[in-house]
Structure formats: C-alpha cells, structure tokens
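Student: Heads up: the sequence lines are chains Z and H, in that order.
Residue numbers 1 to 523, in full-length UniProt numbering, belong to the letters of the first sequence in order.
Residue numbers 1 to 247, in full-length UniProt numbering, belong to the letters of the second sequence in order.
Calculated directly from the structure, the hints in this document are not laboratory data.
Heads up, the beta-carbon is just placed ideally off N, CA and C, and yes, glycines get one too.
Heads up, some of the hints might be wrong.
What the hints assert, rightly or not - Where chain Z lies over chain H, by a calculated footprint (3+ residues, C-beta under 8 Å):
| hint | region |
| --- | --- |
| 1 | 54–68 |
| 2 | 132–146 |
| 3 | 215–227 |
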Amino acid sequence: MRVMAQLAMVMNLDKCIGCHTCSVTCKQTWTNREGVEYVWFNNVETRPGQGYPRQYEDQRRWRGGWELSRRGRLRLRGGSRLRRLGSLFANPELPALTDYYEPWTYDYRTLTTAPLGDDSPVARPVSAVTGAPTTIHSGPNWDDSLGGGPENGALDPVVAKLRDELGHQVRFEFEQTFMFYLPRICEHCLNPSCVASCPSGAMYKRVEDGIVLVDQDRCRGWRMCVSGCPYKKVYFNHRTGKAEKCTFCYPRMEVGQPTVCAETCVGRLRYIGVLLYDVDRVTEAASVQDEKGLYPAQLDLFLDPEDPEVVAAAERSGVPHEWIQAARRSPVRDLICTYRLALPLHPEYRTMPMVWYIPPLSPVVDALAKTGFDGEDAGNLFGAIEALRIPVEYLAELFTAGDPEPVRASMRRLAAMRSFMRSVNLGEVPDQNLLSGVGLTEDQVRAMYRLLAVAKYDERYVIPTAGVGQAHELEAVATKCSLDTEGGPGMGGGGGSRGGPVELVVWNAQSRPEGLFPRRERS
Amino acid sequence: MTSPLDLLLWAVLPYVTIAVLVGGTLWRFRYDRFGLSTRSSQLHESRLLRTASPLFHFGLLFVAAGHVFGLLVPKSLTSFLGVSEEMYHLGALVMGALAGCATVAGLAILMWRRWRTPAVRGATTRNDRLTYVLLGVVLLAGMSTTVLTNGVMGEYDYRETISPWFRGILLLQPDPALMESVPLTYKAHILGAMALFCLWPFSRLVHAFTAPVQYLLRPYVVYRSRGEGLGTRELGARERRRERQGL
Ligand code: HEM
Ligand code: SF4
Ligand code: SF4
C-alpha cells in the first residue's frame, strides 16, 4: 500500500442556482488574457443540454479517456502511443474553436464616435480572434436554462444514449421536463488521461496534493492532452501555443485558502478536503470490466485515516501529519465515503475523477409539487424517487455509468434528511423508521444537515497548508505581492522608473504599457 | 586554386551555419523554453490542416531520410553492396520526386491556408513569413535539382562531389574545390538550406528538435513533486545582469 493525499471537491447540485459567479471570478483570475478568451476553467452547464464544448460527452467522436483492450488492459481511447505519435502533425480528435465558440467583443467605439444622425448607433459584435465583424452563432453558455428546450435536449449526448441504447425517451414537454445546473472544473483525476496523452511529459500529477498541472516550460503544443481529456478541461492557448487548465488554484490551496470558484460560490455548495488513497491500486480499479463497477471500485481506493495501519503507511509514504489530520476532518470524505451522498462524474471514462457531485433532488421535488403533492413529505418523495424513472436514469448516466441504485440511495438519504429536519423544525416527533430505512443515525443526519444546509465556511473547506517545513517561504508568498519587486509594477520596491497606473482591462499583449514590464534595454 | 568566394561559401559558411544552429538551439533551450512550441493553429482550422500537415511532414521525413542516405553513405559502400549506378539513380529520382512532391504540395496547401483563413493569418508572425518563404525556396530549389538537373536534363552524380564535400565538412576537412563544378540549382539549394538552418533555432522550426519520441518509453502517468522545478528556471543573461546590479 502506497498512500497518497488528494485534494478533492464535492458540489451539492441542489443548491446551484446557475448564477455563474464561479465561472466569472475564475475567468477574471486566470483566463482574462489573450489566447484564452474562449477558455472557462470553470463552466456551469444546464442539463439536459449540450455542455461546453458542445457535446463533449460523445466519446465515440472525441475519443477521450481510457478504454479496456480486448485483453482487459487499460489503454487510451485515442489509441496506442504509436498512433498518438502518428497523429502529431494533425490531431484528428481536436475540437475546433467553433465547438467551444468564437470569442467576441463589441465595437463600443462606434457608440461615442458615430456622427450625429437620426438612428442611435449600435455596437456590433467583433471577433476577438480576427478583429473582423462577426455573427454570433454560439457562446460560452448558449443553452443556459434551456435544459428542457427540444432543440437542446435532443442534442445532449446523455439523452441520445438513453434513447438509442436503452430506449428511454426523455420528455421535453413542459410538464414533464426537468433541468439542473452542472458546474464543472477539471476533475484532477487519479488516473488522468490528459497526463497519459502528453507526449512531452509536460503534464503531471503533484505527489503532495494530487493537483494536475501543465508545466508551461515543457509543453510543446502537441495538443494531445486536449483530446485526451474526456471532460475537455485542458485548453489550448492559441497565442502562446501551450496547453492550460484549471490549477485547482494551487497558489491559494498552498496557503490554506479554497479555490476562487469555491470561495465566491453564491450557493455555498462546494466542499474541499483531503482524501487518502492507495496509488498502487489505481490502475486495477480503473480496469474493472463492468463500467457500473467503477464507482464502487473508486470508493474502495479511499483509505480510512482513522485506521492505524493506514496512518502508519501514510507516514511511511511521506504524507505529512497535518494532512492526515485534515483527512480525518475532511468534509469531502464525509460526503463521499460516510454518507455516500456524492457520486463521481462519468466514472465510465476510467480516469477516476476527483470532483464529485451530490445529485439534485429538486427535479423530483418539482415534479411532485407540479402534480399537487407535498414535495417534502417523505412518503411522497420516496415514492416519486422510485416512480420518476427518467430523471433518475439521466442522473445515473452522468454519475454512475447508468446504475440507478446509488443515485436512488443518495436521493433517499437526502429526502430522509429533509423530512426529518422538517419534523424537527415544526416541533413534530420525527419518524425514526425514516432514518433506519436509509441506514443513517439521528446524529449522522444532524451532522449531514449541518454540513449541507448550515454549511459553515470552515467546515466546508478543510485545507492543510503546504509543508510546515516551508511555512517560512510560504508566508512570503501569501503576504507579498509577486509583482512587488524592485522596479516591478507592484506597490513595493523603491525607486525605479515606473509609469502611471496601467489599465489592465483593456491591455492586450501587443501593447507594452509603461511600467507593466521592465524597460527594454537597448544595447 | 579555389577562389576566395568559393572558400567563403563552401568552407566558412558551413561552419558558421553549424555554429548558429547548435548555439542558437542551445540558447533557446536554456533561456526560452516557454517559447518552444509548435504554435499549432489547428484550433482555428482543421479541415485543410488534416491533409496538408501530414502530407508535408511525412514527405519531409522521407526527404530528410533521403538526404541522410545520399550524403552520408559513400558511393563505395552502395556499390560494394551491389547497387548499380542506374538502380541508385532511378531509385533516388523516383523516391525523391515523390517525397518532394508531397512535401511541396503539403507546404503549398499550408501556405494557402495560412493566407486564406483570417484567424490563422492573424496568428502568423513576421518570423513565420520569413520561414515560409525560405522553406519554399529551399524546397523548390531541391525539387529542381532532382527533377530538372538530375531528371529532365540528364544525370548528375552528386555523390562524386557534394556528398564528399559534405562529409568533409563534418570530418573537419573541408574541401571547397569539390563544389566548384556543381550545377547552379544545387548551389542555390545548399545556400538556401544554410540560410534556413541559421533561421531554424530562432523560428518555429525548433519544434522539430523537440519531437517527443521518449513518449514511447515512459509510464503513462507522470508524478512530480511540488519542490522539483520550482523556481529553477535559469535566468536569462539580461535578468542575471539585473540581479548582479541589484536592480
Ligand atoms: C518529426 C518532427 C516534427 C514534428 C513532430 C512536427 C510537428 C508539428 C506540429 C504538431 C505542427 C503544428 C500543426 C498545427 O496544428 O498547426 C507543426 C507545424 C509545422 N511544422 Fe512541424 N513537426 C516536425 C518536423 C518539422 C520539420 C523538420 C519542419 C521543417 C523543416 C517542420 C515544419 C513545420 C511548419 C512550417 C509548420 C507550420 C504549419 C502551419 O501551420 O502552417 N516540422 N509541426
Ligand atoms: S479532468 Fe482534469 S485531470 Fe482529468 S483528464 Fe481532464 S484535465 Fe486531466
Ligand atoms: S457560483 Fe455556486 S451557485 Fe453560482 S453557478 Fe457557480 S456553483 Fe452554482
């Protein structure tokens, strides 16, 4: 047993209101630059829907992730290493910019410079790539909240799969429709196919915290990771010719702060914590024959930080004491392992993703409420979870490779918690059978309620800082602006020749404002 | 007696080229690793690239293999192995023409694509333009040596002159006299190639030196420690100077 620590995230989908604050704050922090205009490390898609990039889940087309060879060995779905090298010159599985969307801005200048006339001037869309006037065909969030819309619903690869392979028709008539939001970041997988696809070896998984990163100095722009990732969470910067991806905000994590998307989440629905797992068994778990067995296999990888044997093994593998302690208090572990509420996204890609989701109960509650029943009554809810086949099966295609049972079990626990806490709040005597029926104790339900509904900041995020041995250096990282060098543009440093303030919003890489960079030296 | 011009072109210039190529590449690998990239434009345009780029690159790999064979393998060895002059000539002509045509066709489509696709055109730098022109010139001159000088107009046995000259350069025994009688097309091709090699380290062509063959041997998933490589990038000369001056 070789123990490694992994920073993981859980999102409680019931609470996502689709406000996109996470996407916007992430973009402002990390991808507000040229070359990555179209890139959203965090995006929120409406399901059923096509997602971003459109129909990224159709792996028959994109060939991302892993598959089992006929002899049961794990190999990249995109083909053998030789095939990957052979397709270096033109990658047949690379999405085009139009599969994301063509980024654009508006010709705002016309608004102020247009000559006086009868008509008010209009700012027309201009492509952010070519600068030419353009027509907008799609955008970063084109089918937002149109989950039930017939044009979008039928184009959802998951809906198509249910229809073609299982013969289940997802209804898009108004009364029967359902939708929810799915915020997505990189999964920081235990078995990352992006890393495995990178021919240069520029991508790596960090030993200390499991964060998957691209070494910008080693990336050569072969763009194999983009097609290798089944979640399409590696992006190609068309200016620098390098791959970029979600970094799990590692500079923040290292000093114990949550990611920007989590910090700013309006719904307070994201949880971050440590999980210990056994690296030696990852390949074995990812090679389980039956796709439905992948979720249990991944669960089985996670180790119990209370177990003295695990602790001893972790210490042998160099996991710091602080991290083991954090693993004990990990909210993510509670939601994934203890309450079994959270489920992985598309385990059938065999990458062992590490951003998990608590399936939304709201489609069921809404459906009940629409038919005039009390959507919070346990009897009704349980009945509905059984009866409402389509939402459950749709969710199962997302989270458990099609096995509805874990989804139902998770929803039953959520339903039991709702009913139980309602009785408590209304001063009724709660029905204890309710809890034993879903395998929870009263203490557990109250703790669950506290974690999910009260959702205190320091209970949602339990993040150990990077090694105590380096605390001294990290302090400098945390308290000092990295631009604060002598002659740099930051507030610190003495003297030097700095220009005035720089308007970063309109700055592009072609211009070179005074003070933003060190002076060019002329020799 | 070798003229000073010949001496310059065929004994000095080759070494300048080698120095620039090797020195420039080392410099880039040390100080501009972030700049090393294919700068793929496939995101903008995929349809044409998917035919043109493999056509160009695979053609080029064949051409390169042909050069290695023609320049480095001495005539005595092939005749010892029983390859007759006619067989060799025919083989070189046919294979060279085929690979050359593929490469030129590929490059033509790539250039057309670059010219006609607004997004790709926008991503083209002045450096790229120079590279394309030079690449085109070298390729066309090379094609004309094979097709014109060596095909239509008869036969020219470069293995008596150019190949020994080239090996002489590598063995540090340059013999510019060998190049005196060489036809103009060959001379143009070689001079163009030397210019291209001088540009190589400073253009996008360096990506050829980073061809990731090690991929075949390494384990799928790469693990790295946080400490490794952190802040280990070597400073450029300018940055070091600043540091010394305490700026
Ligand atoms: C075996 C080594 C090589 C590999 C793996 C390789 C790979 C690549 C890749 C991935 C691209 C980017 C294509 C795209 O997506 O836009 C590219 C472009 C290019 N390569 Fe290579 N290359 C190699 C050797 C060479 C050589 C030897 C040359 C020329 C002497 C060359 C010339 C070019 C040019 C001119 C482009 C730009 C094509 C365009 O976009 O118009 N390559 N190469
Ligand atoms: S989700 Fe992240 S870690 Fe997983 S394959 Fe994609 S980019 Fe790699
Ligand atoms: S900020 Fe939170 S609530 Fe808003 S869209 Fe993102 S995940 Fe959902």
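Student: Decide, hint by hint, whether the structure agrees.
Tutor: Going through the hints against the structure:
no.	hint	verdict
1	54–68	holds (count 4)
2	132–146	violated (count 0)
3	215–227	holds (count 10)
Going through the hint list in order, the structure does not satisfy hint 2, though it satisfies all others.
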